[in-house]
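Novice: Chains as they are written, first to last, in numbering that gives the first Met the number 0: chain Y, 0 to 246; chain B, 0 to 379.
Wrong hints could be hidden among the right ones.
Stated by the list, open to error - If you want a taste of the chain Y side facing chain B, the calculated C-beta under 8 Å gives, among others:
no., residue
1, Phe16
2, Phe19
3, Lys57
4, Leu73
5, His80
6, Tyr93
7, Asp95
8, Leu104
9, Asp121
Said to hold, decoys possible - Covered stretches of chain Y, going by a simulated chain B footprint (3 or more residues, C-beta under 8 Å):
no., segment
10, 82–91
11, 108–116
Bear in mind the hints are in silico, worked out from the structure with no lab data behind them.
Here the structure is a predicted model, which means the values were calculated and not measured.
Glycine is no exception: its CB is placed at the ideal position from the N, C-alpha and C atoms.
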Amino acid sequence: MQQEKYVLSIEDLTVSFDGFKAVDNLSLYVLENNIHVIIGPNGAGKTTVLDLICGKTKSTSGSIDFKGEELTKLKEHQIVHRGVGRKFQNPSIYEDLSVFENLELSFPRGRTVWGALTFKCDKQVTSRIEEVADMIFLRELLHTPADVLSHGQKQWLEIGMLLIQDPDLLMLDEPVAGMSVSERQKTAELLQKITKNRSVLVIEHDMQFVEKIADRVTVMHQGKILSEGSIKKVKSDPKVIEVYLGH
Amino acid sequence: MFNFYRLFSKQKQLQYVLLAVIILIILPLSMDIFRLNLIGKYLSFAFVALGLVLAWGYGGILSLGQGIFFGIGGYGMAMFLKLEASSVENTAIQSTPGIPDFMDWNQITSLPWFWEPFQNLGFTILAILIVPAIFAYIIGVAMFKRRVGGVYFAIITQAIASILTILIIGQQGYTGGVNGITDLRTLLGWDIRTDSAKYVFYYLNAGLLFVCLFISAFILKSKFGRLLVAMREREDRVRFSGYDVSNFKIFIFCLAATFSAIGGAMFTLQVGFMSPSLIGVVPSIEMIIFCAVGGRLSILGAVYGCLLVNLAKTNLSESFPTLWLFAMGSLFIGIVMKFPEGLAGIIQQYIQPAIKRYIDNKHVKEDDKTLEQFETEKGV
């Protein structure tokens with residue numbers, strides 16, 4: 000195990016909301032170039048873990064180490080600059096703007112006030128946008144307003160908005176929820192394609208989908224880790240069957 | 000530095016030309032200087048409305064205290080003019096000659112320290128541009144860095160406007176109190192009460208307004224403009240795309256403040272006084288109405304909104320003084336409920352397609368029937 004490198008190490012992480020511990024003394028390690036899936040029943044604290052990593056929620060105690068840097072002290076945009084991208088549960092895109100503009104705003108340049116005023120959409124930017132649009136199956140729809148996209152396409156667009164930043168760690172909160180079977184298939188292919196040079200941390204309920212993509216699975220329950228390991232090991236764990244998978 | 004023509008599409012260029020023709024040619028030719036001076040006054044409010052289009056319409060920052068900044072600009076200019084009007088010869092009958100009359104009435108015997116630098120026109124102009132931005136920066140940092148937004152921000156700005164009014168009225172000896180600063184006469188020895196001066200100020204006002212319009216158009220055209228829209232819709236997504244959202248809000252709020260202050264200074268020059276009745280809660284809300292009526296997503300709409308609402312106000316309030324406030328209130332409610340994008344939205348939605356249809360129809364009659372057939376087939 001030790002010869003593999005961790006990109007993210009969470010140690011003894013706790014957050015309590017008015018005494019309720021949504022995440023309780025959690026330790027979690029994400030390997031480089033790995034798809035790591037977190038599963039668990041509702042209210043297990045899965046989304047809260049992602050919120051803690053990306054800085055949306057501040058931890059009560061514990062540490063989150065990302066490539067040798069402590070994230071708990073940084074602000075949201077600084078965490079993004081370090082190379083962490085986060086997709087929200089409901090597609091979170093700019094519906095008044097076109098697909099192209101959505102991707103353009105996510106391009107990692109001109110992120111200061113002055114930078115945004117003087118930003119020029121040059122060759123480098125357009126070719127990168129087209130490249131990402133190809134990956135997320137939206138090449139033909141670049142100049143469509145984002146609000147007319149289907150639910151699945153919106154999910155892909157948001158994934159694309161993260162990809163264009165080329166993050167080292169990509170966090171996806173239920174990326175296939177509400178997708179059709181064929182869209183799920185395409186999303187699984189997409190995830191396998193983009194994980195070549197980065198780690199992906201996914202929350203998902205759809206066990207078939209999890210089996211298709213996961214390198215490693217963590218099962219959470221009541222803010223704690225119930226079981227961890229390969230999908231095979233987790234599926235045969237009696238504790239997991241008891242609280243989550245059912246008999 | 001940047002290509003002027005690339006800033007606007009053909010259609011936009013026409014719209015700017017139309018506004019310029021109306022303001023610079025048609026209005027001055029069609030009315031006497033008394034009426035034109037009133038129009039100039041309305042146009043000084045357009046600076047505030049323009050700032051609100053950027054901050055509120057695009058950025059989603061509803062400030063109910065833009066009167067604060069209008070007031071800072073207006074008072075800055077008034078202080079300079081008042082000092083010039085209070086020369087020792089002019090005020091020889093006072094117990095302390097050489098200070099503004101209201102100070103003398105309030106037993107103040109020397110010019111307060113913060114009035115001193117306003118003897119210099121250069122300082123005054125700089126102060127008009129910079130002080131409101133600094134003030135807006137302080138408010139912005141205090142609010143936006145703590146993620147105060149929406150209705151809380153609106154209430155806090157309104158409270159600040161209210162506090163400022165009370166402060167000005169209470170400190171009569173330093174500010175002229177409830178009467179404001181009146182009896183302004185000359186600018187560097189040049190009488191500002193003459194008709195020719197009023198023409199000069201009218202055109203200066205119009206010129207500055209166009210400069211501010213171009214600055215706004217440039218910002219909205221840049222990535223900053225798209226970010227404002229994105230922030231209004233999904234602030235979190237922008238934040239998690241690596242932007243420090245609060246900096247963008249602070250910048251646009253400061254810019255809106257500076258615009259308002261320019262308007263305030265132009266108001267003082269054209270109307271000849273400044274008083275707390277122009278900077279409190281009610282005028283601040285009126286500014287929102289100008290902006291909403293014109294269309295909060297249209298920088299040109301803001302100018303038309305100011306002109307139309309103020310013309311209606313002047314005419315209606317002369318004949319029905321009590322009714323006017325109700326009319327204004329219902330106008331605002333009606334616009335927000337029925338036409339959230341104001342006049343500009345109505346034009347975009349109804350009038351522009353009608354013109355287009357008219358032009359298309361002409362084509363049909365001139366060329367064969369092919370287009371018409373095509374349209375019926377498509378079911379247009």
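Novice: Kindly indicate which numbered hints from before are broken by the structure, ordering the numbers from low to high.
Specialist: 1, 2, 3, 4 and 9
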